[in-house]
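K.L.:
Each chain, letter by letter, is given below.
There are 2 protein chains.
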Amino acid sequence: MDDASARGFLRRLFDAAIAEADPARVVPRWLPEPPKGRTIVVGAGKASAAMARAFEANWPGELKGLVVTRYGHAAPCKRIEIVEADHPVPDERGRDAARRILEMVRGLAEDDLVVALISGGASALLTAPAEGLTLADKQAVNRALLASGASIDEMNCLRKHLSAIKGGRLAAAAFPARVLTLLISDVPGDDPATIGSGPTVADPTSFADARAIVAKYGVVPPPAVAARLAAADDETPKPDDPRIARAETRLIATPQVSLMAAAAVARAEDVAPVILGDAIEGESREVARVFAGIARQTRRYGQPVPPPCVLLSGGETTVTMRGKGRGGRNSAFLLALAIALQGQAGTFAIAGDTDGVDGSEDNAGAILTPDTLARAAAKGVDAKAHLAGDDAYSFFSALGDLVVTGPTLTNVNDFRAIFVDQNHGGPATI
Amino acid sequence: MDDASARGFLRRLFDAAIAEADPARVVPRWLPEPPKGRTIVVGAGKASAAMARAFEANWPGELKGLVVTRYGHAAPCKRIEIVEADHPVPDERGRDAARRILEMVRGLAEDDLVVALISGGASALLTAPAEGLTLADKQAVNRALLASGASIDEMNCLRKHLSAIKGGRLAAAAFPARVLTLLISDVPGDDPATIGSGPTVADPTSFADARAIVAKYGVVPPPAVAARLAAADDETPKPDDPRIARAETRLIATPQVSLMAAAAVARAEDVAPVILGDAIEGESREVARVFAGIARQTRRYGQPVPPPCVLLSGGETTVTMRGKGRGGRNSAFLLALAIALQGQAGTFAIAGDTDGVDGSEDNAGAILTPDTLARAAAKGVDAKAHLAGDDAYSFFSALGDLVVTGPTLTNVNDFRAIFVDQNHGGPATI
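The listed protein sequences correspond, in order, to chains A and B. Each residue of the first sequence is one higher than the last, beginning at 8 in the numbering used here. Each residue of the second sequence is one higher than the last, beginning at 8 in the numbering used here.
It should be emphasised that the hints constitute simulated quantities derived from the structure, not laboratory data. The reader is advised that the hints may include incorrect statements.
As the list makes no split between identical chains, a pair holds if one copy fits it or if it spans any two.
Subject to a maximum C-alpha distance of 35 Å in a straight line, what follows is the list of computed DSBU-like cross-link-like pairs (lysine-lysine) [what the hints assert, rightly or not]: (1) LYS245 with LYS223; (2) LYS386 with LYS223; (3) LYS43 with LYS386; (4) LYS386 with LYS331; (5) LYS85 with LYS71; (6) LYS245 with LYS391; (7) LYS386 with LYS245; (8) LYS85 with LYS223; (9) LYS331 with LYS71; (10) LYS71 with LYS245; (11) LYS85 with LYS331.
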């Protein structure tokens, strides 16, 4: 494949992964029977406005609702109010919307239905500080954890215990109404309790866990937070809590299903797909080194499969920040991959966030070609310095190799594809 | 497979990988025609005494020789003198042996043959400080680079430029004799110029490269080293150097061939082998997280292949030291893998150094079982604390799960196998 064909191929894989998680496609399949009573639609997340639009467009009955999404991720709705708020650091608009959602679901009857449309990003967007805490308290803890390299599970445990809505508290507030949650997963393992901090799902974690996480990362919480963690008198609903026992959840889009959609595209174009994992975690630059080793193996020995092949993976890598540059984890992964591959012939890659936003930039991701390093060197752009400075955005921007989709209105986490073409110059040297 | 069967299976894979690189098996296949003149056998490395023994046992003519190996890695030879020296930090015995080797190959004629038996570890074992440098000077730089996390390529570049024997200088000294090098590779990519710092191979690196590496890691070299790097007037032989143009090299054992031997054992036992790479690099604990992601995928979705399967890989991971505990990179990898897998059912692993020594301990590696974390917790052994303290040896020692082979007298670098058994409790939950 020539350079333009390989770029187009990789972009088709990425687009297929995103399309497979498009709310307009998947939400209609999962509509419940309309209830005898009222229908309330609530929700939060990067995909949730698009989910709301798909829901109301296909819902036969009355409804009212309120959904929070990230700035720029709104979709025009007629009956469900859409609020845009800040992400990943919570703001007042998210807080006010969360309070209004709690009010909306309180006092419902057993015949009423609450549909919760939850997707990645809901943790930050659906922010209702627990009694006695301010948004500033929660923001301080959130920022400290984000910068410390805490895992999403750890951040969510803390969030649930500082919140009036997360960790099943939303479902508890809606009791005795029926609660149905439609989920688009962006988390490794697709655990409903983790996606968006599980506002309608029983919480397996405790105040003791939250205190251990704060200690682990040496975070010094504001006094009100410390007092709440110590008091531990407002525990999240556990699985046997009658207020939450009836709540149902449905996974309507996942990283794995999107990877399988990309694999189908590859197969149709006679490229063998290898799905390495839908939940790959690790430091972005180290994950890149391991994947470079696998890509070398395909080229050198035809293992695990011979080229042309494409190594597909999802999940969420981490960037422990060292520099002050621009770029998210996908561009960082790709820059480290370029350095590790050292221009390996016939090898192209794409990495992007399926929500369309890598980190907090305007790109979804970037593309790597065999001559990425050579083109950078020709422009005087130092790959290793950009990696060390956490400045992968600037690196790929200088090459014109950013992938820009705009917000996709869905989110099944990261998508990576490393395409290894066959060797047109004869068999690979062993 | 039950616990004992799985442990036995993994050990058979590891043993097969080692056996495939056994000098007694491979050296006889590669004997050259005896020369008209004299035959001198020299060499260095963890496998080199065993290579020497195999060589002299199968050599039809006269010979004399001297080979340096690591303490504990000697093999009884009748005609070739074996010297044991320290590794990974060079000592006086290695230095004296290197000087004697240089003397032995000087003044030879065109009809004479020098056979160099080179294997991993030769860099540290074959130490001849360049004129004006002391062994202490080289040791200081070596130690600083080892601790800094420099790559083996980077360490070797520096070694070649501070040495009287590395980087092709041995072959240059033997000119005009024929030089044949038999290599057992322990380096990613199997580049003869890298294995044992390539004493008989033209060196592509320069004094400028060496200076850049010192600067990169902030190493402050002793004054004599700094002066030599600055003067740069004793460059290593380059590929067009007539003293080295005739030198030949043969790769007689490699990580890949050993992985393929393990794959054959797996296949014979109806377990599907997946060779991920013979040259996987990266921080041990991060490589473990990525491999855990792939192992989860096999179990959860049957990708890249369904269980029962075994993920095989070689190469060399790195431990950037943070604690003061005991353990090499293989036990560190395995401990991080245990933490990442969180007791995944049916999942076992072995990781070991094929030379029989993980780091500087008495074990080759260790074994992981699905209940590794549970057994550790029951004994009050804290997995995360041991990982943070670089104390994986103590962790697996406490569980009785060290793998001890003793020195194997060969070295094709690390070997990792993650065995994922089929789910005996019915299909995996998705």
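K.L.:
Give me the numbers of the hints this structure contradicts, sorted from smallest to largest.
P.N.:
3, 8, 9 and 11
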